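Position chain G relative to chain P; hints supplied.
Single-letter residue listing:
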Amino acid sequence: MWIEIAARNLRKNWRRSLFSIFAICIGFTAVNIFGGFTEYIFENLRESFIHGGGNGHVTVVKKGFLDQGRIDPVNYLLDETIQSSLRQQLDKLSGIAVVGYQLRINGLISNGEISTIFVAQGRQFSAYEAMREQARGIVSAKNYQGKSLLDNNVYEIGLSEGLSRALNLTLDTDGIVTSPTVDGYVNALDFKVAQVFRGAPEILDDKLLIVSLAFAQSLYDTRSVERINILLDEGIDTREFIRHLQQVCLTAELDVDIRSWDELSVFYNKVKNMFDILFAFIFAIVFLISAMSVVNTVSMAVLERTREIGTLRALGANRTQILRLFLIESGLLALIGVTAGLVLTLLVWWGIGESGLTWIPPQFTARVPLEVYLVPSYLMLATVVFLSLSVIATLSPVWRANRRGIVDALGHI
Amino acid sequence: MPLLVLEDIYKHYRMGQTLVPVLKGINLRIHAGEMLAIGGPSGSGKTTLCNLMGLLDEPSRGKLFFQGQPTSQLNDYQSSRLRNHTIGFVFQTFNLIPVLSALENVSLPLHIQNVSSDIARRTAAELLEQVGLSAQAGHRPDKLSGGQQQRVALARALVTRPSLVIADEPTANLDSVTAMQILDLMQQLNRETRTSFIFASHDERLLSRVGRRLLLEDGQILSDLKPECMAG
Chain P
1 MWIEIAARNL RKNWRRSLFS IFAICIGFTA VNIFGGFTEY IFENLRESFI HGGGNGHVTV
61 VKKGFLDQGR IDPVNYLLDE TIQSSLRQQL DKLSGIAVVG YQLRINGLIS NGEISTIFVA
121 QGRQFSAYEA MREQARGIVS AKNYQGKSLL DNNVYEIGLS EGLSRALNLT LDTDGIVTSP
181 TVDGYVNALD FKVAQVFRGA PEILDDKLLI VSLAFAQSLY DTRSVERINI LLDEGIDTRE
241 FIRHLQQVCL TAELDVDIRS WDELSVFYNK VKNMFDILFA FIFAIVFLIS AMSVVNTVSM
301 AVLERTREIG TLRALGANRT QILRLFLIES GLLALIGVTA GLVLTLLVWW GIGESGLTWI
361 PPQFTARVPL EVYLVPSYLM LATVVFLSLS VIATLSPVWR ANRRGIVDAL GHI
Chain G
1 MPLLVLEDIY KHYRMGQTLV PVLKGINLRI HAGEMLAIGG PSGSGKTTLC NLMGLLDEPS
61 RGKLFFQGQP TSQLNDYQSS RLRNHTIGFV FQTFNLIPVL SALENVSLPL HIQNVSSDIA
121 RRTAAELLEQ VGLSAQAGHR PDKLSGGQQQ RVALARALVT RPSLVIADEP TANLDSVTAM
181 QILDLMQQLN RETRTSFIFA SHDERLLSRV GRRLLLEDGQ ILSDLKPECM AG
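So the sequences go chain by chain: P and G. The numbering used here puts the first residue of the first sequence at 1, with every later residue one more than the last. The numbering used here puts the first residue of the second sequence at 1, with every later residue one more than the last.
Same shape as in the complex, but just chain P:
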């Protein structure tokens, strides 16, 4: 009976009810679509760092490298002995998909006429490609001209677009890099441009190279590496894996530092923080608008039905029953609004997927499909928040009406 009274009153004041349902529906959809878009951004930033950048889920460096490695890189490299021991320990562990080695180098690059500084990532291309192959979303898009780099073609390297332009080093042209070795001698190597890639961070676009690990080690005249990147199998808990690996390394007395991808990806964390703040801001505004709409609807309903409340109280309904009646009413309002919001969210999600909309994300030159993810946790959160909102919005006006005397309420016009 109480549900029927609530439902009929909503129907009776259908214009007002519809407005509130509309506010909740739009609010619910806005929150979930924006949340779904931020999740799409986060997912691609994750993918970009883990797979696209060839960093994997876990990175192992020599202890102290992350603090002191920039000032004194030579003393914080992982030598062959540590590499070998670590490899032995890693072979005993399950859940590892790919292991790759990296040595970052810097020096001068020349086209024979002019020189400029460079920074380079020396990589095992086979491992790097294996990681990229598992990339999903926009990261998997090809972002270079030329050919794939291979471990065997040691002297074939990749240049960032800006550097290629600055030195006029186009595909298949030759150049020279020079750098001090780990022992302090100057070394120089010839190279051939096999690849010109896009998407380097703006500040590095005229400086960045990708070279094979062997090329980097040869230039620095070392067999050491700077870091070991580990890509885990899908479904493996990164934190759990790190705990396990730390235990193993401690037992094997390996002096290493083990970090997860999110500890190392500064860009991901900055963007995530920014979007989290934006999301909270938008959520607060949407929530406030929806809350005001529900408060208005319930307050009007309570005000208009003061006499009805008086009658119900005269017939023996206690204050809790009156509150329950209005809670059912606002709960129904929120439930319909949330259901409509869910349908609209699905429609918008489907529409965006089907529309083929594209955009150019930061650090990309090519257009990529625009996507919005359906995030169950956001759907749940929005549902709980909007239902709670309706309850909270009801409490105050009904409490006020309930405090009013019965005679006073019966005399209300």
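Because the hints were derived from the structure by calculation, they are not lab data. One or more of the hints may lead you astray.
[Claimed, not checked] Derived, one-sided and incomplete: chain P residues facing chain G with beta-carbon distance under 7 Å: (1) I96; (2) A317; (3) R403; (4) R404; (5) I406; (6) G411.
[What the hints assert, rightly or not] Derived list of chain G stretches under chain P, where covered just means 3 residues or more per stretch with a C-beta under 8 Å from a C-beta of chain P: (7) 88–97; (8) 203–212.
Since we're looking at a predicted model, the values are computed, not measured. All residues carry an ideal CB built from backbone N, CA and C; glycine is no exception.
Coordinates of chain G only, in the frame set by chain P:
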């Protein structure tokens, strides 16, 4: 034991800084099965007295006993429960719930008691039949005439088999024929069920047909004519 005992009841309302006295020292006893009409000019305190006897309001001073129980000791839950189980109300403006049908309006007090839907509907249907409105059971209040609405209100007041029905100006919004029909109905129910009825009314036709007649003026009882006095 009397159904209602009022001992030296005072009631005043605050209007701004001023206290406006409405009832001034009312003493009254009402027994089960009595039919009492309260008359008097506008502002004499009829409605206020009905509200106090129906536990819709509390006296400013004095004691009120319902079935021997002092009402001042009841909390909101207890007084709500007492109203629901033992008192029925008929209002001048009917006060039916507009979104409910006649049958649903009548069954409402039973739903407040958490009686099962089936029993509530069955009991409400019986009461509607008693007031001659079976055919209009599914009609909403806006589809009923004033007389029909007041019959529904009467059925609603009686559906919990209360000891007392309080009716404030029950015939004020009805034409004379319908008013007499409603009054006949209440008298019949009073005879058949021994339910006590208390009316507040200006309507001389109604006052003249009721067993006991109380006349109020300026918040005081001017006269209390019981059947034997009237007969005499």
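Here is what the structure says about each hint:
no.	hint	verdict
1	I96	violated, 63 Å
2	A317	holds, 5 Å
3	R403	violated, 11 Å
4	R404	violated, 12 Å
5	I406	holds, 5 Å
6	G411	violated, 9 Å
7	88–97	holds (count 4)
8	203–212	violated (count 0)
Violated hints, in rising order: 1, 3, 4, 6, 8; the structure is consistent with all others.
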